[in-house]
Amino acid sequence: MFIKYDIITAAVIISLIAIGTVAIFSATYVADIDSGNYFVRQILWATTGLVLMFFISMVPMRLINRFGYWLYGFSIFLLLLVLLFGKVGQGAERWLVVGPLHIQPSELSKLATVLAVSKYLSDKYADVNQLKYFSISVLLILIPFLLIARQPDLGTALVFLALSIPLLYWAGLNWFAIFTILTPVLTMILSFNFWTFLLLMISITLVLVFSRRKPAVLVAVFLLNIVVGIMTPYLWNQLRPYQQKRILTFVNPEQDPKGAGYQIIQSQVAIGSGGVWGKGYLNGSQTHLRFLPAQHTDFIFSVIGEEFGFTGISIVLLLFLILILRLIHIASLIREQFESMTIIGIVTIITFHVLVNIGMTIGMAPVTGLPLPFLSYGGSSLVANLLMMGIVLNISRNKIIR
Amino acid sequence: MTELSRRALKQRKYVYTAIVLILFFILYIGFFRIQVSGAEHYYEMSLDNSIRQLKEYPVRGTIRDINGRILVDNRPSFIVSVIPRQLSPETLQILAGIIADDPESIREKIKGKYSFRPVIVKRDLDYPTVVMLEERRLDLPGVLLEVESKRFYADDVNSPHLFGYVGEVSQNEAESRLEVEPGEMIGKSGIELKYDSNLRGTKGLRFVRVDAEGRDLGIFDAERNINAVPGMDLYLTLDFNFQQFAESLMVDKRGAIIALDARNGGILTFVSKPDYDPRLLTGKISADVWNSLQSDTSKPLYNRIIQSRYPPGSTFKLVAVIAALQEKIITPAWKSYCPGYFRLGRKTIHCWNAKGHGEINLLQAIKGSCNVYFYKLGLEIGLETWAEYSKKMLFGESTGIDLPNESDGLVPTVAYFNRVYGPNGWTKGNLANLAIGQGELLTTPLQMAQFAMILANNGVVHRPHIAAYMYDRRTSRKNEFPVHTDYVEGISEDVYDLVRTGMRMVIDGGTGWRGSVPGVKVAGKTGTAQNPHGDDHAWFIAFAPYENPTIAIAVIIENGGGGGAVAAPIAEQCMEYYFYGKILPRYAPKKDTLKVADSLESIISIDLNTIEPIQISVPDTL
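If you read the protein sequences in the order shown, they are chains A and B. Using the numbering used here, the first residue of the first sequence is number 1, and each one after it goes up by one. Using the numbering used here, the first residue of the second sequence is number 1, and each one after it goes up by one.
Next up, chain A with everything else stripped away, as it sits in the complex (with noise of 0.2 Å):
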């Protein structure tokens, strides 16, 4: 039964979970306020989630077929909950407290939403370029999108728009349909600034032109995307300035009129001043002085990269690529449609993570309050990620054809 688990899959987890908390305990090391022990509760939540995961692998995966839709239901009205119960923390509600917990439902939502979205599409006749299988997966994903926005927590939402492309992409959606959701996103973007919004209408022209689609789709495509440019600017300006005010505080929580974000500063002269080989651990001053914020949340790559320096660095960025290069493979090895989708609804989940909070560290993305998985501090995000690898082990140990 060992014998056809994915080792290596099992291993780079277990190795990152090693690293997070290592980091952990030098990130709080001289702890003087909240002076929790950070340490021994993050082994606690790792071993409680390593069970789960090795649990999770055991159960026949019909089971978690069947029960896709009722979990799906089960987190939004978790996340309903939360609008209406939850606990407030850094701003936003985002907590359910159960006795002695702090459940986070989002982290929840995650996998349910990746499961619902699969097995709809794995159904015998959903076919996903037809309208109305590809509408109910885009509604599957929009809904916990939006509540999780109106929490608001912008970090967690986008998870789930970036969940949908890669997803219906894997499902068989075409790419002239990619396009088309695609432009009118960019287009909102670039539409103010006039130039930017002519280069991009160009391009969509030109790809246009070439796709070879009927006149009558063409023509809504590029009217879509003109009618988007030249309402975003008109709609923006009619905004009051604090509904402004929110909306870029909340696509930038560090948006600052002042100045340059403090956080990212600081981040980056730890991490920088890490050099190669790395201060050596426990001797980041950075770290130790408590200069770096929320330095074993979301800040912990920062904690690294002083003290480990850019060997740390790649070590932990190689385990986390072999991860999702795995993880992809796995997924195009299964030919099942569910258990291949919700596989690659998982490893976007992990890259998206990995991707937003690495690159927040060096101010490469905004600050939007994404762990780092299994690095981290944090309960539910690691069982929520050790839940998610579980059902991966438990695919690659029963679909592969060998």
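To be clear, the hints were calculated from the coordinates, so they are not data collected in a lab. Just to be clear, a hint being listed does not mean it is correct.
[Unchecked claim] Take a look, some chain A residues computed to stay more than 12 Å from chain B by CB distance:
#1 V40
#2 I43
#3 V59
#4 A177
#5 G369
[Said to hold, decoys possible] Using 27 Å as the maximum straight-line C-alpha spacing, the simulated BS3-like pairs for lysine-lysine come out as follows:
#6 B:K10 - A:K124
#7 A:K399 - B:K10
#8 A:K124 - B:K13
Don't be surprised by glycine CBs; every beta carbon is placed ideally from N, CA and C.
Please build the complex by placing chain B on the supplied structure of chain A, with the hints as guidance.
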């Protein structure tokens, strides 16, 4: 259960793998640049341990009168702030001891703030506290002593309603306004609020390096610093000397004086009494002061000129005249008999003149402000037309003056009465009352002054405003505020001419004779408004000179009594000061308080009998 084709899976795998590899590569380059190429640079920075982000508050612009005389400017004031992250409980205790504050309340202030940014704990420190903080600086890591400016009012400057005050940003304001954040000082009312964005300037930011003890090690990276931009200076339309003179007339009174430049709507004087010392609301505002101002029954916080709504009394009869003439309901020759009272149904309403005005025409009715005449006229006009013309004269809507929280006043309409009393719940009596400016009708003193301006200008109305221009000290440029000019449609010149003739007669021997300024032809109208809060309010509106008006004025004295007796003399003095720059000497016989005549008699006692009568020779020819 559908299955995917092996070919498609393989193809998609390559696409995904390629995308992931590209993204990771980009990320990797980012780290390479920071950790390998830029390592030395960042290492040096990390040696200094910390960068602190300090706000640089701009100096608030001054407020000056039309001649450039400074009315409101700034004085330095010390504030103490803390960096929550670096604040140990012991430091907190010491700090609380020095600034005589409760440690708990300090903890409350820094709760929920960014732990690495300074949070202001106390403003407007007195000098001994500053010295003590300086002395114990080494015991107080994470405590910053900074200088900011606070509002300073020149001697004799009052007018709190006009200037408003500056205060700390509230939680609400921080959320609803893009550019402000908690701890900052912004305008809260009056001019300070209305022109806040111009006066405030833009705050700057300095990144300084500090060591672990919080000592300043100099600029971190000059290029990242953002300089503060000082606020612009605001020049007002009013003349401070005139303002001061007008205030002196109102010292012990409740009410308002508002004078507009009839040629452009600029405010010449703006007095609302009672008021309070604006200095009470600078720096830290004590809760006691605030509460006592708020609970004061004479309502000193109220800006009576734009916020208080009064029944306008007889001044509003002019609106009935305009409506009746323009709609050709009557001609100026229309006559009516005033026996001193008027019977409407079972009610009897009295004219202020119990003896009655007798048989009078329109001009005589204006001059004598006859109530009975206007009761009858009101019934002829009808509520709908009356309301229409009241609104044409811009009553019932705010004037759009550049001060916040202006009231609309109230012009009752048919719809209004139906809503309040029900379709059958009101009678013609309500209408008759409105025609003489009583009843539900409510106006602000500013609307009355604007009304006087409309009459003076044959319907041309300039929006009342207090700000003349902004002056940008950096670019030495003057930014004038445009004057909004409008025109009241649909009222002919003849009508205005007749109303003005009537107003001239009011001053020239009519009820407003006390408003007559020597050497200047004034036109005006008195009003005595009954109100449920006690004695009548005294009203007077006027414009002058009659032929070529430059000033329009409205005066109200709350519970002052008759408009002609109380309000008109105050308006007269204002206009006299406006035209002559002083009060003209009066050659009225004075009471002989020193008894000069008696003493003369005692000094040179002359026996009248000893004086011989002078011989007068009368020519024979007479």
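Taking the hints in turn, this is what the structure says about them:
1. V40: holds, 24 Å
2. I43: The assertion about I43 (chain A) holds, with a minimum of 27 Å to chain B.
3. V59: holds, 18 Å
4. A177: holds, 15 Å
5. G369: holds, 14 Å
6. B:K10 - A:K124: holds, 22 Å
7. A:K399 - B:K10: holds, 17 Å
8. A:K124 - B:K13: This hinted pair holds, its Cα atoms lying about 23 Å apart.
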